Amino acid sequence: MSLIVHDLTVDVAARGRRAPARPIVRGVDLRVDDGERVGLVGPSGSGKSMVSRAILGILPPHLTAGGSVLLGDTQMIGADENIAASMRGSYTGAVFQNPAAALNPVRTVGQSIALPLRLHYELDRDEIRERVLRQMRAVELPERLESAYPHELSGGQRQRVAIAAALVTSPRLIIADEPTTALDAVVQRRIVDLLVSLVDDLGSSLLFITHDFAVLKRATTRCYVMEAGRIVEEGATEALLHDARHAVTQSLVEAATALSLRGGEEA
Amino acid sequence: MTGNTTSPSNRGFAPRAPRGRLRGARIVLSSLWHRADGAYALVVIGLWLAVSLVSLVWTPHPLLEASGRNAWAAPSAAHPMGTDGAGHDLLSWLMRGSLTELEVVVLVVLCTAVFGLLGIWASVGRRAGAGRGSRAWMVCVDTLIAVPTVLVAMLVSVPLGTSIAVIVVACTFAYSLSIVRVTRPVAQLAATSQYVEAARSYGVGEARVFFGHVVPAIAPTMAVQLSLSAGTAILAESGLTYLGIGIPAGVPSWGRSLANCAKLISVYPLTVIWPGLIITMVVVALNLLGDALRDCADPVVNADLRRDGAADDDRSASDMAAAESSTREQELTGERMPAQEGESHEPHRA
Numbered sequence: 001m002s003l004i005v006h007d008l009t010v011d012v013a014a015r016g017r018r019a020p021a022r023p024i025v026r027g028v029d030l031r032v033d034d035g036e037r038v039g040l041v042g043p044s045g046s047g048k049s050m051v052s053r054a055i056l057g058i059l060p061p062h063l064t065a066g067g068s069v070l071l072g073d074t075q076m077i078g079a080d081e082n083i084a085a086s087m088r089g090s091y092t093g094a095v096f097q098n099p100a101a102a103l104n105p106v107r108t109v110g111q112s113i114a115l116p117l118r119l120h121y122e123l124d125r126d127e128i129r130e131r132v133l134r135q136m137r138a139v140e141l142p143e144r145l146e147s148a149y150p151h152e153l154s155g156g157q158r159q160r161v162a163i164a165a166a167l168v169t170s171p172r173l174i175i176a177d178e179p180t181t182a183l184d185a186v187v188q189r190r191i192v193d194l195l196v197s198l199v200d201d202l203g204s205s206l207l208f209i210t211h212d213f214a215v216l217k218r219a220t221t222r223c224y225v226m227e228a229g230r231i232v233e234e235g236a237t238e239a240l241l242h243d244a245r246h247a248v249t250q251s252l253v254e255a256a257t258a259l260s261l262r263g264g265e266e267a
Numbered sequence: 001m002t003g004n005t006t007s008p009s010n011r012g013f014a015p016r017a018p019r020g021r022l023r024g025a026r027i028v029l030s031s032l033w034h035r036a037d038g039a040y041a042l043v044v045i046g047l048w049l050a051v052s053l054v055s056l057v058w059t060p061h062p063l064l065e066a067s068g069r070n071a072w073a074a075p076s077a078a079h080p081m082g083t084d085g086a087g088h089d090l091l092s093w094l095m096r097g098s099l100t101e102l103e104v105v106v107l108v109v110l111c112t113a114v115f116g117l118l119g120i121w122a123s124v125g126r127r128a129g130a131g132r133g134s135r136a137w138m139v140c141v142d143t144l145i146a147v148p149t150v151l152v153a154m155l156v157s158v159p160l161g162t163s164i165a166v167i168v169v170a171c172t173f174a175y176s177l178s179i180v181r182v183t184r185p186v187a188q189l190a191a192t193s194q195y196v197e198a199a200r201s202y203g204v205g206e207a208r209v210f211f212g213h214v215v216p217a218i219a220p221t222m223a224v225q226l227s228l229s230a231g232t233a234i235l236a237e238s239g240l241t242y243l244g245i246g247i248p249a250g251v252p253s254w255g256r257s258l259a260n261c262a263k264l265i266s267v268y269p270l271t272v273i274w275p276g277l278i279i280t281m282v283v284v285a286l287n288l289l290g291d292a293l294r295d296c297a298d299p300v301v302n303a304d305l306r307r308d309g310a311a312d313d314d315r316s317a318s319d320m321a322a323a324e325s326s327t328r329e330q331e332l333t334g335e336r337m338p339a340q341e342g343e344s345h346e347p348h349r350a
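Those protein sequence lines, which keep their order, are chains A and B.
Letter 8 of the first sequence, counting from 1, is numbered 8 in full-length UniProt numbering, and no numbers are missing.
Letter 194 of the second sequence, counting from 1, is numbered 194 in full-length UniProt numbering, and no numbers are missing.
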């Protein structure tokens, strides 16, 4: 089991009498099996991104997490920072939303992709370069971009670099937090397919967070629906598309359907 | 080679871009050299360094040679810049003074950089308590900035006496606070940006996040601020030495020469030109260096820092613009036909 989340809560920390603790995520239960691709969907502001940050242990300092997050055998809530940091990047890999800000502007593509390798493995420069190039080929980036800087790349290319960096250490669990939201439709589809095929090749599991049901259908087999910090429904993605029970799920499905050109399911 | 930019590789000065470990530094130096302000700064600062080193072993006249009868002599063959009030050869004193200035500048810049970084870490570093703690800290900084530097210098001179330490402490106090104030927005932007979050998700620890990701983002601002503080440190040295709380009396320094010559400006008006001119030239050089460095060391601005040699020869600014509009094309082409990557590489070159 790659990920078990039980009764996860995320609160804004209390600051005196006038600002008591406010909950953002309440009592979330999630499971992701080995090799499974699971979605987490919900309207904006439902707390999905906070769940992914809490799982990785990188919440902003004014938020606190409670409950239990088990990555394999390691408990992440309340874990010592060194242990948590060693899990991030080697057990988990993460891809975030905004390609324009996803890469360090003063590091080349090669250096950005090599960073997780340098952190978690003892490899010499040639081995690192070899792995970086291999990863770039896997995400379909031309080799000449290895020494390019992020501002020379398009949004889709930057997201590929982010995916390459997330996958270069072959992590067991990949968390993708709205990786395609900022990209246009054609590139979106390509990126989603790429991510899915890479995850399947590695045999890793995927937690795909999004607010777009159309993307979810392509990327996941099972998903959870969140609203206002709680999980309101879960089930197989196909089943949810045809037979949603909760109002939020229904409205999300309708929105995805209405926005697609044919007004029906995407092929 | 297409030639409608000013980057050196297109002018043929550097036919082969340098490779190796110090490649970045060598490119930055050559870019500096090709700018008017960078070249001026490099020449003046280079001269300053050379003269300081030479003065350690040789000056035209021994420093202590003084002849009361020869005070305030006009420039001559024996004394190219004349003599000062005690009969010392002005040229020799200015040469040796350059060493003192070098010490002042190096110490001030180092201490300012260290304390400036500490101050920035206190305001954006995670463990240091972003949020409440950092707001309180910024209020402190704003209050302390209002304290006049001269006042600080005078206070510090009580325990430390008249010494270079007074200058260093007073300047570090003023400039590091100012650096914290000026770089805080950029540092905050970097610290809360998504690439830092991504780095944390790879497992980067807090110290590495700060030095590897936040510091490079504030480096351009800091370069300019540090160069300004280097120039201002020299001016501060002059002022504080004039007040009697800077460099002690027996040690040659530009500030002391300037002060001595300025006292008698109504009697011997031309002597003050020498220290004044030298101080002006060096301070201007330091300021220009900061500006030029900020541009030349930034890979976004300096095209030569990107890519290895071969690709540079083919790229010019206009090609970059064309490339941007065609990256979309490349992306689509690359996506549909990954196997034909070699052909779809540069569709706009067909």
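It should be emphasised that the hints constitute simulated quantities derived from the structure, not laboratory data.
Given the structure is predicted, the values throughout are model-derived calculations rather than measurements.
No residue lacks a Cβ here, since even glycine has one placed at the ideal position from N, Cα and C.
Where hints are given, some of them may not hold.
[What the hints assert, rightly or not] Label pairs and their calculated CB-CB ranges:
#1 B:P185 / A:R125: 51 to 59 angstroms
#2 B:V114 / A:P20: 49 to 57 angstroms
#3 B:M138 / A:R230: 52 to 60 angstroms
[To be verified] Examples of chain A residues lying across from chain B (beta carbon under 10 angstroms, computed):
#4 A85
#5 V95
#6 A102
#7 S251
[Stated by the list, open to error] Not the full set, but computed from the structure, chain B residues with beta-carbon under 10 angstroms of chain A:
#8 F115
#9 E197
#10 A198
#11 R200
The hints, checked one at a time:
no., hint, result
1, B:P185 / A:R125: 51 to 59 angstroms, "violated (36 angstroms)"
2, B:V114 / A:P20: 49 to 57 angstroms, "violated (41 angstroms)"
3, B:M138 / A:R230: 52 to 60 angstroms, "violated (38 angstroms)"
4, A85, "holds (5 angstroms)"
5, V95, "holds (8 angstroms)"
6, A102, "holds (5 angstroms)"
7, S251, "violated (29 angstroms)"
8, F115, "violated (24 angstroms)"
9, E197, "holds (6 angstroms)"
10, A198, "holds (6 angstroms)"
11, R200, "holds (5 angstroms)"
When the structure is compared with the earlier hints, violations turn up for hints 1, 2, 3, 7, 8 and for no others.
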